[in-house]
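Protein chains in written order, with our numbering: chain D, 1 to 550; chain X, 1 to 546.
These aren't lab readings, by the way, just hints derived from the structure by calculation.
Backbone N, C-alpha and C define an ideal beta-carbon position, used for all residues, glycine too.
You may find that some hints are simply not true.
To be verified - Incomplete in silico selection of chain D near chain X, CB under 8 Å:
id	residue
1	G74
2	F150
3	I161
4	S191
5	R526
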Amino acid sequence: MMDMSLLLLLTIALPLAGCVLMGAVSKSGPYAARRFALVVSLLTLVGAAVVIVNFPSDGAGAERYALTDVSWLGGTSPFIDIRFSLGLDGLGLWLFGLTTLLVVTSVLVSWNAIEERPALFYGMLLLLEFGCLGVFCARDVILFYVFFEFTLIPLFFLIGIWGSEERRYAAIKFFLFTLAGSMLTFLGLLSIVLWDYFHSGLGILRFSIPELTESLSVHPIQPLYWQVLIFWALFAGFAIKVPLFPLHTWLPLAHVQAPTAGSVILAGILLKIGTYGFLRFNIPMLPAASVHCVPWMFWLSVLGIIYGALVALAQTDIKRLIAYSSVSHMGFCMLGLFALNRPGVQGGSLQMINHGLSTGALFAIVGMLYERYHTREIRSFGGLARRMPWLAFFMLLFTFSSIGLPGLNGFVGEFLVLLAGFQRAWTGVAQPWVFSLRFASVLAVLGVVLGAWYMLWLYQRVFFGGLREPKVSGSSHGHGTDDLGWREIFALTPLAVFVLWIGLQPKFFLDRMAPTVDNAIAASVRSVVAGEPIAARSEASESEASVRVR
Amino acid sequence: MFVDSETIRFLWPELILVLCAAWIYLGGTFRGSRRWWVAFALAAYLLALGVILGLEGPATTSGDRGGLASGPILVDQLGMICRCFAILVGILLTLLMSKSTRHDLGSEYQGTLMLLVVGLMLVARANDLVLLFVSLELISVPTYVLLFLGRRDRGTSEATLKYFLLSILSSAMLLYGMSFLYGLTGTTSLRGIQAAVSTQPSVAALSFASLGISPDALIYLSLVFLVAGLGFRLAAVPFHFYAPDVFQGVTHANAALLSVVPKVAGLLAFTRLVILGFPQAASQAWEILLVLSILTMTLGNVCALWQQNLRRLLAYSSIAHAGYILIGITVALADSQRAGDSQGGVAAALVYVVVYAVAALGSFAVLAYLGSEQNEVHGVDELAGLARTRPFAATALSICMFSLAGLPPLAGFWGKLVLFLGAVQTSSGGLTVQVMQWFMILAIAGAINAAIGAAYYLRVIATMFFRAPAKTLDAEGGDGAAVVMLVCASLVVAIGLFPGIALNLARKAEASLRAPVSLAAQDPDRSQPRPVEHAWHAPEPPRTNL
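All chains, please: the whole structure from these sequences, using the hints.
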């Protein structure tokens, strides 16, 4: 059997190699670039599948699974111990798989849509895949950050070159928004590293994520206000990425302007980097601050859920509607994570995958519609189910998945998240926040209702009723307004399979992440169980702060 | 003696270059071929590099990490690394200027440039106020000539005159600041000043004291003048006013020179003079420099946002990066009172200035390559659609600009990493709460500035990639510029992927800076192993040979 760590490395490096070779390959014919990209992304998918299949089914020993760990800087002075450390554990496992799956879909949906500089396009797509795979495998703070920021560059070009009319503005806004937040995140990460440096007594700047997590559980960051400050610094970058409610303004713009493949990956994977960051850094490394900030995070999530849903209701553009539905759904993920209990974090993590599958697929379907009609206005469509039954079928499936119909994946995630929200709100909360948290967790249910409303309403308007089609002025791609071709069915089927699989057998997915999830929230669970009421803590921290300043 | 044979032995690389420069001046009158003199200059640089690595590499890397003081020069790791870098800059500038000069002036150009490189090399190892000042002037004076040689129109004349006058003024301020130091301590040796300031006041200082003026006040006064003089070279606010106008007025190659060489020299002079020279003042000086740092990077970045002229934009970017370099210096200054291991301020500033220099040289090289002698590239808009017409140049410029913006995995990211690491380290482990709070502000200002800075680099990249080609550029900058652009872009990527070498070298350099210095043996007979017990422990007797 092949060594898993080597296979993991190869799987991550494959898209990069594909991108480098793209220039040479694309010279051999007009369609060489897209075929080559498909081959590379399929190979990557196979590699990822093998790595995931071999993952221990109970998730035990995941910390060392497929681990590659070498010093990055080398040299004689080990003062700065930045490591080139890659491995898969329960948190990154499914996101890793999702990335490889969605890139195949992206390549297939771009098949005919990209006519301008295809080699550069597919090269950037593969580069983006490389960056995302790296993010979910990085076991070193700096390596994580390098991949985290690196993903901006290919997406910047994807939006800026192949986007719609306002693409330049959208690309720059997306880039600057994310960068501004992530610079503060960077400072937060460095503060964590330096806390470890000053308190571990080793005299080395350690950057390894597992080592830091362990060290911070021994020497938690004190006083609380300092931990909370670092929490908000990390929050800046991750929350913009998610995006949480007041920081979401870049998202609809970027989504609407991006080409279909860009939207699929942006919604399916890049948003997850934000929630993944919270799960990887904030919750395990800053447990007391996470507990302290639960009310804030609850309210931001719930506001995002409601606000995203309400704005989605008002949209006239299908793509924009789905973009706002992302804001709403990502709110559910965050709500789950910051319930800080097992069902919540598991549900939140599962919801990341669910959202990636359903929204990724929805964006792909919108792209297919746009390719046929060159418009995305809801008003201009009607009764398409008769003309394109396959497209209507897939749309219905993913719509149901998105609104959480029992039996499909969305139900499992949303159910766990809401359950966990109630559990948090009715147990282990200090006095002044009880009512507030309970109110927030009840409001979150409204999001489910609104979600069903805007999605089903969209479906009804576009696919039911009398046939209404926009005039197609000389389709350049030849397939006019036909139903889905084999290529497109092939792009959507794997996603549909996973939608059903997660819906019917969530245990398969949850078991593999359970131990890692338990570890991630262990520290914060301890600090809740320790029973220090949140309010008392914050007062204590204020008095400490004032002492310090004096 | 001021200079003895031992000192001369350490000066061989510089002497070789000076001799070659003289030969270029002389020979240029007989043989005008530009290519020939470029080749000759390159050979001279490589020879000097070989001499440095071959003769002195073993002497400075082996044994204790502290340097050797020999006459006015100090032989140590910092000097060694920076001289190698100076020669690299020399080689790149030689290539860059290989076509941008008028044909008949090729030899003058190369000779002057070589003298300037020698100046930079001497700054890197000066252990004496006089040598430090003279070598800084050895950079400034050839710079005036080079600026004039580049192009001869009204704009260039104005720019050069502006630079000339302000540079003279800043040199005067620097000299004035140095004169205070000499007056207070009675010595021009930097180590002597350090020892004298920290132990006993000199006669002069005592006489001031009898007038009711504290010697400390004079030290701070001197510090202010030194900061002003060196701040001009770094292009730090408020000594930055010349930069945009001068950059706009001169050729791309000269702008590259202006953005790199004075910065490196200014940083080295800061390191040797302020951080080492007088630690007591240093402990106060960080406050001034911290404020200057925040102002410099904010002003540079914000003003750059609106620039349409590429050289003006890069000038403001160079100001902003001076602000970042000042973060490193500030960390080092705040750090200088602490016992124990350093927080890497000097190392960070060194790494930063190197990655900045490489990326800036690369950017200017692309611009020089894209233009021709008649049509230079001026505006950002002229680059529209470059990704289609000149994909390689566009890629190289994007790599350099992404690096300037500090994006991983390029070199600029590691520069920012080490700087922020130093600032955050001081902010979470400083001596007092006040220090910690100020450095937290500094770190946050740096982070926000990184995002602002990215905006204008992105604008240039977006222009190249997202817009339709407007007009075809000549791209007659010559092979030299093309090579520089390729080398710089590759270096940026290489340092980005394997930062270990650069970071470790910079740390070694900083360690050598703080290590105790031994005196070189005066005995010219080198067959005997030198005794090493001449550790510095007393101030030198006052020198009167000035």
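Outcome of the hint check:
{"no.": "1", "hint": "G74", "verdict": "holds, 4 Å"}
{"no.": "2", "hint": "F150", "verdict": "holds, 6 Å"}
{"no.": "3", "hint": "I161", "verdict": "holds, 6 Å"}
{"no.": "4", "hint": "S191", "verdict": "holds, 6 Å"}
{"no.": "5", "hint": "R526", "verdict": "violated, 24 Å"}
Checked against the numbered hints above, the structure breaks only hint 5 and satisfies the rest.
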